[in-house]
Structures are given as structure tokens and as C-alpha cells.
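Could you slot chain B onto chain A? The hints should help.
Chain residues, written in single-letter form:
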Amino acid sequence: MSEADITFTGVSRFYGEVLGINKVTLSIPPGITSLVGPNGSGKTTLMNLMCGLIRPTQGEISVLGTPPDRPQELCRILGYCAQFDAFPPGITGYQFIHSFLRLHGMTDAECDRRTLAALELTGLSAAADRPVAAYSKGMRQRIKLAQAIAHEPRVVVLDEPLNGLDPLARAEAIALFRQWGVEGRHVIVSSHILHEVDKISDQVILLSHGYVVAEGQIQGVRSEVKEQPMQIQVRCDRPHLLAARLFQEDHVVEAKLAGNGLLLRTADADRFYLLLNRIILECGLDVESVAPADDDVNSVYQYLIGAEGGTA
Amino acid sequence: MNQFHVPGKPASGLVGRELLGVMRLELKRTFLSRRGWWIYCLAAAPVGLTLLHWLMESRRPAPNHSLGADSIAFAAMFLLYYLRAGIFFGCMGIFANLFRGEMLQKTLHYYFLTPIRREVLVAGKYLAGLAVALALWVPSVAAAFLLIGRHSAAAWSDYIWHGPGLSQLGSYMLVAALACIGYGAVFLMCGILFKNPMIAAAVVWVWEGINPFLPSVLKKISVLFYLKNLCPVEVPVPPPFNVMVTSTDPTPFWIAVPGLLALALVLLVYSAISARNAEISYGDS
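Chains as they are written, first to last, in the numbering used here: chain A, 6 to 317; chain B, 1237 to 1521.
Isolated chain A, as found in the complex:
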């Protein structure tokens, strides 16, 4: 069991006869990891398990070497921003963070310092003394985020953290997640907004029906999906010529002209790249860019989970 990672070893969780997740074995390294999957795929179950809010029916979990059934150790290194939009009644933003920080055994002065820092980081300093009940949805989302990170955890688990945030707040939140990732924290994010997941993730975990469908860096995951021809976008000065040459190859299944570009689908990307080098040398093509067009989370999601994940 690695003390630097979050590990799941053969973890299953059933709710009565309903499957939450089944036989999950994975290791989550530092950086930003996104959990992606349709509703009911097991994302929240996975998060609740690693935070100790629920227990596995089978298997073992370790969060940086700490089992989740020891909250007195786990919750010092872990912060969880859950999906529930509920708060203790009558509490202000400042009191919400400060009161729960006190349960970490910190002094009043230390709690005060960390509360103010968390409020500032999430842009809620001005609203600190207002009741949380009077906050907008975006502010409530940010105060939950502030409460989850106020004790400066090494593992930050965020269930749909971008829900309800306006574009500016969303960009700020993403920048914050990136910063934590760079600092070497484990940031685990679940999100339905796939293009944002794509922007922020160092690695993804794709879930469907309680099973881990794929995990790892998104390009690596895409290259493993052999049955789906890879899409590649080429921008060059003579796309017609390139298209004509490519159609002679059996691994190229489709080529579409679009302006000064060519979008093609190939069953063998390595052979395509070799061929492209040859064509450039032989025909003197002036190539502006060559880039994969479907190695993003959205495409991989569609390939692996497809129409069943329509809600995501």
C-alpha cells in the first residue's frame, strides 16, 4: 500500500442489493484526477468511500497510508466538498468555517487566521458575516469549498465543485485546483462538464455502472481504445493532395476536407504519422499543424460509455 497515493484494492460497495461500485482496484497519484461517468455510475460512492462517510462491503482503501475508518487521522489530511447543498441553520459564512476548524483542536487565533485565508481564497471575505442561508448558489458552493480547504489538507475531494459557479468564479476555481495540483496535493474532482474536466485533469477515471472503465492520462486512455479509429486534424497548404494520397492506405477509414485542413480517421495512428512524414518529404507539403482531434475526455467518454452517459 503506497503512502503517497490513494489506493483502492478490490473495493466493492453495495446498498442492499443495489451495486454502488464493484471490484475497484486503482491508485490515484498526486495531481488533479477527475472522476467521470453518468449519473449512478459510482462517482459519489467512490468519493464517500475515500472520505470514510461510507464503508466498503469488500476490499481495502488507503488514503496516503491512512484507512478511512480512522477519522481522527484521515480528516486532518483530507478535505471534502460534498454535493449536499445544506448548512447548519442560522450560521454565517465565517462561523461555518471557524466552528468546524475548532474541531481540529486549533486555537481561536489559528482558526481565525485560517478562516480569513480560506474566505479570501474563495472570494467571500465581504460576505463573511452574512448568514449562509442568504448566499446565492454560487456563494454557497464557494463557502463549502472554503470549509473543505480551510485546514489545508493534502487531499482535496470535490464533488461537482463547479456547479452553480458563474464563468469567472469557475475560472478562478479551476486555477485554484491547478495550483493545488502543482503543489503536489491530491485533487479528486467529479464533474459533468467534460470540456472543463479536460482542461484541468492530469488523469481521469471513467466509471460506468459501478465499474472503472478506464483510468490514467487521457491520451493514454484514448490510445487504448483500439476499436475506435483515431481522429487527426492536419492543417496544410494542399489538403486535397494529402487526402488523395491517404485514401490509398487501408488504415485510413475517413478523410474530410475543412478549409485548409483535413480531418481524418485512422485505425493505425503510428502508420499514419510515418506516412505523413513520407508525403511531406515527397510532395513538399507545408504543414501548419498536426493534432489528435479526439483524445479529449468528451470523445473518450463517448467511445467508452456512449449514449448511456447522456446525462453527463
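None of these hints come from the bench; they were simulated from the model. Each hint should be verified, as a subset may be incorrect.
Quick partial rundown of chain A residues pointing at chain B, CB under 7 Å, derived from the structure [stated by the list, open to error]:
id, residue
1, P34
2, T49
3, R81
4, Y85
5, F89
6, S104
7, R107
8, H109
9, A176
10, I179
11, I205
Only some residues are given here: those of chain B computed to face chain A with a beta carbon under 10 Å [stated by the list, open to error]:
id, residue
12, G1249
13, L1256
14, R1271
15, M1292
16, R1295
17, R1353
18, V1439
The beta-carbon is built from N, C-alpha and C at its ideal position, and this holds for glycine as well.
Below, chain B without anything else, positioned relative to chain A:
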């Protein structure tokens, strides 16, 4: 945010600080909350009633009943209202909601995500609930007792300061406190174990209600039985119920009080064990 918290050995007094932290949060949430208005009404009702009694009786030129009658009337009110209804339902409202209320409000996970042992959480919540219950019921009992014979002026003062009044008042306050401790532990456990603690509370209430008519062995499995034996004035059972009541040897003070405290402790330990294994499943609540 560039500094990681390094978990080390727990600092001295950490558990105490955690306990105080939980109590502070709970007191803020429970004490004088709008949702608890009916509990404050339950506590204030007998005080209002005895105040009314004083005001009405003090207008009469001569008292129409003795101090002894007042003493028995208070004993009956204490047994039938405070113990059977007020403190029972008041504690149900306070303690059953400590966990179940948070499950319904979907806020319990905030506690479960703090680095405190669930046992400390249970203890902190119980102590906060107990502080609220004691602050409501003990002064209510004292005020009602002092007001019920107030119309007798000098005779009542004499009864209090030179007669058995003060000792009776102390006994009633002690029994009220013990009732809060006992019923508090019962309802805290119900709030953790049952999705609907009201059903469990109804079962306990019926059991406590039929206690006088039960055989002596079953009689002893009751909080009320021990509390009743600690009351300083016995309430006569009116006919025809008196023929149905079975008599049992009263439990001595030195068994009744530690026995009740031990029972509360056992229930709290069981609650702590249950809380350790508790999961957050708001969807099922």
C-alpha cells in the same frame, strides 16, 4: 495555501477542546432555536399554571386548601406532567434530534469530516443536549415548586426555610436532572439507531405509562420506576386504579441514583459504538 498540515501526536487537552468545540456548535444550534419553541412551552407551562394559581389564591380572603394539599398537588404535577410528559417529550425533542435532525437537514457529514473520534462527537452532543435540558427543566421545576404555595406567604416561607420544603425542592430538582440524564441517553440512542425515533419514543412512553400495573419484576425495567421512588412525596393512586397497582419494594437512593447513571452510561457507550459504524446516507433518511 502553501503549507500542509502535518498530523502529529494529539496535543494535550485536544479531546477537551474538541468536546468544547462540539458543545459550542450544538448549543448554538439547539439552545433557543425557533424549532424548539414547543419544548420551551412545555417547560414554561407548569410555571405559568402555578403563577396563575398564586395570583388567584392570593385574592381570596382566606385560603381554601392547606399547604399539604399544595405539596400533594405539586407531587402529582411532577409525576404526571414533568416526568410522564414534559421532560419525556422535551428530552425526545432535544436528544433524538442531535443526530437524526442533522441527518434530515443533511448536515451530519460536516461533523463526520472533522478529525474527532465519533465517541467524542456523541459525548459532545449529549453534554450540549443535557446542558439545554437541565437549563430548561430544573429551573422550571424549582420555579413551579416555589410558586405553588406562594399564596400562603409566611406559612410557605416557614415550610421552605424551616420545614421539609428545601429538602423536597432539592429532591425534585435532582429527580428532574436524573430524568434529563436518563431520558437524554435513551433518546440520543434512538436518534442514532432509528430512522423514525418517534416510534421508539412511543413504545417507551407506553411502557412507562403502564409501569404501575406491571408485575414487580417488569416494573424495575423502567426509568420512571426509579425516579418515582426518589420523589419526596408519594402520590396516592385514585380508585379504581389503586386496585390494579401492584406494590413493589422501593429501590433505595444509593441504588437508584448510581443505577440510573450506570444505565445512561451503558446507553451512551452503545450510542458511541453505533456512531462509529454510522454512515452518511441522506437519501435513505
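Hint status (Cβ of R1271/B to nearest Cβ of chain A, threshold 10 Å)
At 8 Å from the nearest chain A Cβ, R1271/B passes the 10 Å test, so the hint holds.
Supplied contact hint for R81/A, tested at 7 Å Cβ to chain B: 4 Å, holds
| query | If you take the shortest Cβ to Cβ gap from T49/A to chain B, is it below 7 Å? | reply | 10 Å, violated
_Checking hints one by one. Is I205/A an interface residue toward chain B, by the C-beta closer than 7 Å rule?_
Violated: closest Cβ of chain B sits about 17 Å from I205/A, beyond 7 Å.
Let's test the interface hint: is any C-beta of chain B closer than 7 Å to that of I179/A?
15 Å, violated
Exercise for review: Classify the hint on R107/A as holds or violated, based on whether any CB of chain B lies nearer than 7 Å to its CB.
Suggested key: It holds, given that the least Cβ distance between R107/A and chain B is near 4 Å, below 7 Å.
#### Entry: Per-residue hint verdict: P34/A, partner chain B, C-beta under 7 Å
17 Å, violated
**OP:** Tell me if G1249/B is really an interface residue toward chain A, meaning its C-beta lies closer than 10 Å to one of theirs.
**Re:** This interface hint holds because 8 Å falls under the 10 Å limit.
message = R1295/B was flagged as interface toward chain A. Is the shortest Cβ-Cβ separation under 10 Å?
response = 43 Å, violated
Are F89/A and chain B close enough, Cβ to Cβ, to be under 7 Å, as the hint says?
At about 5 Å, which falls below the 7 Å cut-off, the nearest Cβ of chain B leaves the hint on F89/A intact, so it holds.
Original post:
Any CB of chain B closer than 7 Å to the CB of S104/A?
Top reply: Status holds, d = 5 Å.
Is the interface hint satisfied for A176/A? The criterion is a beta-carbon contact with chain B at less than 7 Å. 17 Å, violated
Hint check: violations occur at hints 1, 2, 9, 10, 11, 15, 16 and 18; the rest are consistent with the structure.
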